[in-house]
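Asker: Produce the complete structure using the sequences and hints provided.
There are 6 protein chains.
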Amino acid sequence: MTSQDDLFHPVIELPEPTRRARYDRLVGLDDTKLRLRKETALLADPHRLRAWAAAYHDGDVAALTLFEDRAPLFIFGGDVGSGKSALAESFGCDLADFLELPVYLYRLKLATRGSGLVGEMTSLIGDAFTHMHMMGKRVSDSHGARAVQILVVDEADALVQSREAQQMHHEDRAGVDAFLAGIDSLAGARLPVVVVLCTNRLATLDPAIMRRAAATFTFSRPSDEQRYAVLSQALDGLGIRPETVRKVVELTGPNGDQPGYTFSDLTQRLVPAAVFRAFPDRPVTDEDLLDLAEELEPTPVFTERRR
Amino acid sequence: MTSQDDLFHPVIELPEPTRRARYDRLVGLDDTKLRLRKETALLADPHRLRAWAAAYHDGDVAALTLFEDRAPLFIFGGDVGSGKSALAESFGCDLADFLELPVYLYRLKLATRGSGLVGEMTSLIGDAFTHMHMMGKRVSDSHGARAVQILVVDEADALVQSREAQQMHHEDRAGVDAFLAGIDSLAGARLPVVVVLCTNRLATLDPAIMRRAAATFTFSRPSDEQRYAVLSQALDGLGIRPETVRKVVELTGPNGDQPGYTFSDLTQRLVPAAVFRAFPDRPVTDEDLLDLAEELEPTPVFTERRR
Amino acid sequence: MTSQDDLFHPVIELPEPTRRARYDRLVGLDDTKLRLRKETALLADPHRLRAWAAAYHDGDVAALTLFEDRAPLFIFGGDVGSGKSALAESFGCDLADFLELPVYLYRLKLATRGSGLVGEMTSLIGDAFTHMHMMGKRVSDSHGARAVQILVVDEADALVQSREAQQMHHEDRAGVDAFLAGIDSLAGARLPVVVVLCTNRLATLDPAIMRRAAATFTFSRPSDEQRYAVLSQALDGLGIRPETVRKVVELTGPNGDQPGYTFSDLTQRLVPAAVFRAFPDRPVTDEDLLDLAEELEPTPVFTERRR
Amino acid sequence: MTSQDDLFHPVIELPEPTRRARYDRLVGLDDTKLRLRKETALLADPHRLRAWAAAYHDGDVAALTLFEDRAPLFIFGGDVGSGKSALAESFGCDLADFLELPVYLYRLKLATRGSGLVGEMTSLIGDAFTHMHMMGKRVSDSHGARAVQILVVDEADALVQSREAQQMHHEDRAGVDAFLAGIDSLAGARLPVVVVLCTNRLATLDPAIMRRAAATFTFSRPSDEQRYAVLSQALDGLGIRPETVRKVVELTGPNGDQPGYTFSDLTQRLVPAAVFRAFPDRPVTDEDLLDLAEELEPTPVFTERRR
Amino acid sequence: MTSQDDLFHPVIELPEPTRRARYDRLVGLDDTKLRLRKETALLADPHRLRAWAAAYHDGDVAALTLFEDRAPLFIFGGDVGSGKSALAESFGCDLADFLELPVYLYRLKLATRGSGLVGEMTSLIGDAFTHMHMMGKRVSDSHGARAVQILVVDEADALVQSREAQQMHHEDRAGVDAFLAGIDSLAGARLPVVVVLCTNRLATLDPAIMRRAAATFTFSRPSDEQRYAVLSQALDGLGIRPETVRKVVELTGPNGDQPGYTFSDLTQRLVPAAVFRAFPDRPVTDEDLLDLAEELEPTPVFTERRR
Amino acid sequence: MTSQDDLFHPVIELPEPTRRARYDRLVGLDDTKLRLRKETALLADPHRLRAWAAAYHDGDVAALTLFEDRAPLFIFGGDVGSGKSALAESFGCDLADFLELPVYLYRLKLATRGSGLVGEMTSLIGDAFTHMHMMGKRVSDSHGARAVQILVVDEADALVQSREAQQMHHEDRAGVDAFLAGIDSLAGARLPVVVVLCTNRLATLDPAIMRRAAATFTFSRPSDEQRYAVLSQALDGLGIRPETVRKVVELTGPNGDQPGYTFSDLTQRLVPAAVFRAFPDRPVTDEDLLDLAEELEPTPVFTERRR
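Those protein sequence lines, which keep their order, are chains P, L, R, E, B and U.
Position 256 of the first sequence, counted from 1, bears residue number 256 in the working numbering, the numbering being contiguous throughout.
Position 137 of the second sequence, counted from 1, bears residue number 137 in the working numbering, the numbering being contiguous throughout.
Position 93 of the third sequence, counted from 1, bears residue number 93 in the working numbering, the numbering being contiguous throughout.
Position 292 of the fourth sequence, counted from 1, bears residue number 292 in the working numbering, the numbering being contiguous throughout.
Position 100 of the fifth sequence, counted from 1, bears residue number 100 in the working numbering, the numbering being contiguous throughout.
Position 170 of the sixth sequence, counted from 1, bears residue number 170 in the working numbering, the numbering being contiguous throughout.
It is possible that some hints are incorrect.
[Stated by the list, open to error] Just some of the chain B residues that point at chain U, by a computed CB distance under 10 Å:
#: 1; residue: V27
#: 2; residue: D79
#: 3; residue: V80
#: 4; residue: G81
#: 5; residue: D236
#: 6; residue: G239
#: 7; residue: Q268
#: 8; residue: V275
#: 9; residue: F276
#: 10; residue: R282
#: 11; residue: V284
#: 12; residue: V301
[To be verified] Covered stretches of chain B (in silico footprint by chain U; criterion: 3 or more residues with CB under 8 Å from a CB of chain U, positions within the stretch not fixed):
#: 13; region: 210-224
#: 14; region: 256-267
Calculated directly from the structure, the hints in this document are not laboratory data.
No experiment lies behind these values; they were computed from the predicted model shown.
Don't be surprised by glycine CBs; every beta carbon is placed ideally from N, CA and C.
Answerer: Dropping the structure here:
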């Protein structure tokens, strides 16, 4: 079997300060954050659900058995720069705090997508799931889990796009099928393993994948409120006036055909560019920000086209 | 020859409680269930047919010889979430009870679909059928069968789609041909082996495959009655009012362009989401269900498009 | 060179009871049967032709030399379920009786269609023909043949479809070319070897293949008379009334856009389904047949589409 | 280097009775036959050209040097069944008689078209030309040639079709290029080697191939005169009346959209079918021929389509 | 792991006279040059940013942390001949002077784009980034960097074009993904490594690549001023009159549908052609230049077409 | 590294009589011939340029440095039969005379275009350039070159066609890139190596290739004057009247949609055909030529189509 190092990027134990900071910076996603916490908490500690049923419903609740058949799969869809990958890689920090357990973040390596022969993608994906299975068993016993594992598959579209697409190659279809088999093997296995698929081409995901998802979350570019929160935080200490921030929020919003700025347009392009204008000879001014907000163009939307 | 482990997922001996429960949950499929029982029973024990002919038709019935030439192939077609795979993997429980014999469930591994070279799919499929043949011989003698084997090929469309599709690759056509050869080798072999193909793209199956099928069953999303039965069962213990259940049945039915909920939309998405709304602080209420039934969208239909 | 086992399914010596029965069941194909007998008889025993020429034409007939240049190739085209494969694999029984010689049935294995590399199909087809050549020589000497060999290539379209199709891959074209070379090597070789190509896509066969065929036979779904004969035979012993049979013949014929039943629709689907309705509790009735003839749909026609 | 046996079918020394008979049967192709004789004779014995120049033009003729730069390439284009392959493989008989030298017929094996890897076709074609070169050198010295070699490339279109076709694969283009290189290596080499390309898709040949051809001959289905000659010869001894033959000539000619019979339609299908009607019980009659000429359809034209 | 020699062209230590001269010849790109100097200086010596924040903003500037998350990626887009590659390979000279540190120029070898198997491109790109990482670590410690590395990926479009393009092969998508992973591994790694992508098909770059770029610079064909500067410099010593130079500037500008001359059209084609007209017998004259400026056609624009 | 024999056809030392004769026969290409002589002379002996600058411009000429950066690449574009390949392989004779140095003609083998794996074309082209580099170094020192090398890439379009073409395979793009890298490695290397690309699809060459060309020459079918010169030379000694030659010139020119004769149409088809008409029994007459000029069709134009 392929070794862990060939399948995954280095495993990260959460909580961890950088990712916790990212989690905190993702403002305006509270519903999603709460649902993720509940879902993953139940996977790690099924007793909680029974306790709740006992407390509020006499305990004899048929629905409890349904949870044993669910696939621990979450789909994060949405445009580039909408925060979905950042959340996928950081919500484990919150979960670790809530459960008071370590959470291990596994990120599927691209090489898992195979190295050439039809069928190889199939077996590598199989190996990845087998590995998650094995590690999940190691950290769980009849008393529940002593740790939780999150497997993040970023840029997942290449892996699991719809078999409807007639021009899809056999190999790609086999990838979808292997993924389905992997997810099905986790469903009902009562292991503290969660899989998160990130994709910016949600509409091209295979319906059989979509159907298995415990939940699908759609992410968008930041709203006015979100941009305001992000900018206020990022500009702190530069002495920018609040009304300037508000004006920048307005300038960076969607406008006609042009989409709004992404999270990263704000934090990785706009603010740094303002710093570079000033550095090394003078302070950043309000004009720097306003000029750049007019000048820079937001990251283009990733168009989902089907033939 | 490829080993059994490379060809099939772990073989499961039926009856087995989880699958029997699934079989029981598949409400509203009684005709299909009965036909499957009869077909497979005759394959396992041909004396039954002769006994019947003797009892009701003087015994000298030409049609009996036709049964020796039939391919033990059943095709389960229909939309995702319509229960076809669940039935394929669970009807052996019923059969085992009826025949008072063990039933072994073989599920073709995806890897059987080949690992890269043209012709490999052909030989792997050939190996799979050879294996079924060999195992079938082991459990049968002139007195009949001591066990029955069911081979389930899920997501079969990639394997046996129509050669009409001009853009199909040579390799894919070879897969169709290998499958035809495998089925033909079972026809008339008097072995207790049944093959079930599941596909959600029935219209793309090769006519030569269709022609060989002893029977083709088409599955649909659950009807009002089926949804009512499923929901009543799943909500038991939560104290939901019957009229609420009926209202949810209505809300989850097809509506204009929108399809109805699938079996799994009901049991894996709607009911769990209601639980998550309430958990951990309060009981599930009728409003939770009604809200969610309005809010959630059913799994999209897998469109069968031909170019 | 590839071994016989890799090239062909197990060789069958004819006559053999099962296939003779199939031959007999193919009602309404008398012209084809007669022509096949004559053609193959002359190949096996060229003296017969000379004897005829002497008896009816003074013997000095130029046309006799033309027979030495003919390719022993027959093409069986037609829809699925029209009996072409059944005849191809069974007419050797008749031939064996007529010639009082054994007839060996070779069926090209699918694997002969190559396992991945361009050029492999070419060499495997070449090996298959070389093998037929060699075996043909073993059973013949200057006095004529001591046995006849029939090579059946079923589902031949993938192998020899027209090079006109622009999208055909190089490999596929090479297959056509290898087949042409093989056939040409048999033409004039005076060996008791006959090749039968079966295809349900006659219009896509390469013209250069078509041109070499000694004869091309087109098969159709059974006519009213043929369906009547088949049904009468299959229903024998069930006590069905003749007028019911006639009504079923009518119901199973073509109707508007819907094609008629195939041979196998009648024998493998309609009659068995009637039995299953009754089994195990009651006899088959006339109503069973009439209901099913209304209910079942014939196998769809394999459409020959060209881009 | 690839061995001779891998590159060519068994080499045939001409003249040889069967092929001479075929050459003689190709009625109505006298211009082509004469030109081929002259061209190949000069290649084998360049002194003849000088002798002619001395006799008719004082000897000092600049054009003589042009002959040293010509590629010994002839292209035979035309429909299937038009006799082009038959002539390519038989004109060496005439040449051998004319020159009083042996002529060796090489036929390129299909396998030369490569076995899978890009570039292999290139090197195999290269080997084939190298072989022709080497053998040509062996049979020639400063006094001229002691033998002539003819290399026939039948069904050449797959090998040398136009690079204009955008969808042509790299490998196919490499085949064209290798062929060009091979031909260029023969041009001016003063070796008694002639290359004949046969194709039924003349319009798809690469212009760079076309340009190098010393001559291109276009073949057609037989004319009325040709059909009459062929039929008279083939029916000799059957006692068919001349007016019947003429009527058959008429019936087998082109008619509206339907093309005329090919040479092989006449000799391999029409006349044999008439014999089979009569055999073994009665003589062939005029009616047999007339009936069949109405009934049989000519081989369809191989359409040259470009996308 | 692949060795450095397989991944990169020979590494060049900057400053180096030839490239410094090229850098100096790139007139009119001062903004780009300045930004590149600032960006790369901060990567190599993060203390500078803190010093600036302390001097102009009290030091407590939230934006500083954003710099730790930025990807050190610059995209140079624009038409062929616009100077983007020349700048990418030469701006390290300026940086070396500014920082008083050596700068190492790595140029990704084409072979890194893989040699055949799907997945190989992925692993080679991975190796290239791993190598940059490792070398970056060697030259840096907690006090900052002792050298800077620039990785230039020229003609990058084949590597990282948009996954939107439906016809892109799986392998190409894997290349995009591997590149994303490599860039992400550098973001926040605080290593003195800068990556520059050059492409003349900016619009086809993957949005996920675009989003990560610290800055994207678009290059154009030289303006009138730039052409004047280039020509004056290049014609120095030939005694050409200033008004002639101005006339040539005009003649080499865009005109209707025809684009203006590229940098290299001026220096590699126009001026050399003038020399060749005169050499070896006479001096270059003003007329030579004017004639050629009329006669030569500028390099055509590389059209970005999307299907 | 691949050996010289695998990369190139046998190397030819020029001058050599056959090729010198071809060079002389290429009438009407004097400008091209002169430019080629100057360009290649300077590459071989850079002192000549300095001597010229000293003689006519005081020596201090900035443009001299530009010559060090030029790529020694010439592109010969034009229709089949326009003489471009003949010139590419023969102009070295003139150069050898002019420089009084040997000139070595290298012709890239087709096999260099790779044998199957993506990336192989890349490395083979790389090897070819490395080889030219190495050999160039051997024959040059600080005093200049002792020999000149010309690398001819005939039928170059497959190798370096435009990356704009969306359907181009990755492998083909890699070929373009490798070629670019090879040419760039020669630019400024001060080696006596010249590369000539011949293509009849000039418009499909990659702009990045076009831009690097020191000069691009477009070749056409021969003009009236050229045809007259060619014919007069070729017909010398046959006693054809001048007015007949003029009439033939007229008949072989372009006419409406029909293009004019190519060089080779005249010398390899028209004149030989006239000889064959007469040989062996009578002299060639004026009528032979006039008849054939009416009868023969010129080689079709190689259409450059883009999708």
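Asker: Evaluate each hint against the coordinates.
Answerer: A quick look at each hint next to the structure:
1. Taken as an interface hint, V27(B) does not check out: its beta carbon lies about 14 Å from the nearest beta carbon of chain U, beyond 10 Å.
2. Interface restraint check: D79(B) against chain U, minimum CB-CB distance 9 Å, threshold 10 Å, status holds.
3. The beta carbon of V80(B) is positioned within 10 Å of a beta carbon in chain U (closest approach about 5 Å), and the interface hint is therefore held.
4. For G81(B), the suggested interface contact is upheld, since its CB lies about 5 Å from the closest CB of chain U, less than 10 Å.
5. For D236(B), the suggested interface contact is upheld, since its CB lies about 4 Å from the closest CB of chain U, less than 10 Å.
6. A hinted interface residue such as G239(B) counts as satisfied when its beta carbon comes closer than 10 Å to some beta carbon of chain U; here the least separation is about 7 Å, so the hint holds.
7. The beta carbon of Q268(B) is positioned within 10 Å of a beta carbon in chain U (closest approach about 5 Å), and the interface hint is therefore held.
8. For V275(B), the shortest C-beta to C-beta distance to chain U is roughly 6 Å, which falls under 10 Å, so the interface hint holds.
9. Of the supplied interface hints, the one on F276(B) holds, with its beta-carbon coming within about 5 Å of a beta-carbon of chain U, less than 10 Å.
10. A distance limit of 10 Å between C-beta atoms decides the matter here; for R282(B) the minimum to chain U is near 6 Å, and the interface restraint holds.
11. For V284(B), the suggested interface contact is upheld, since its CB lies about 7 Å from the closest CB of chain U, less than 10 Å.
12. Residue-level restraint check for V301(B) holds (minimum Cβ-Cβ distance to chain U is 8 Å; threshold 10 Å).
13. Chain U is given as covering the region 210-224 of chain B, and this is violated because 0 residues of the stretch bring a CB closer than 8 Å to a CB of that chain, at least three being needed.
14. For the region 256-267 of chain B, the proposed coverage by chain U is satisfied: 4 residues have a C-beta within less than 8 Å of a C-beta in that chain, meeting the threshold of three.
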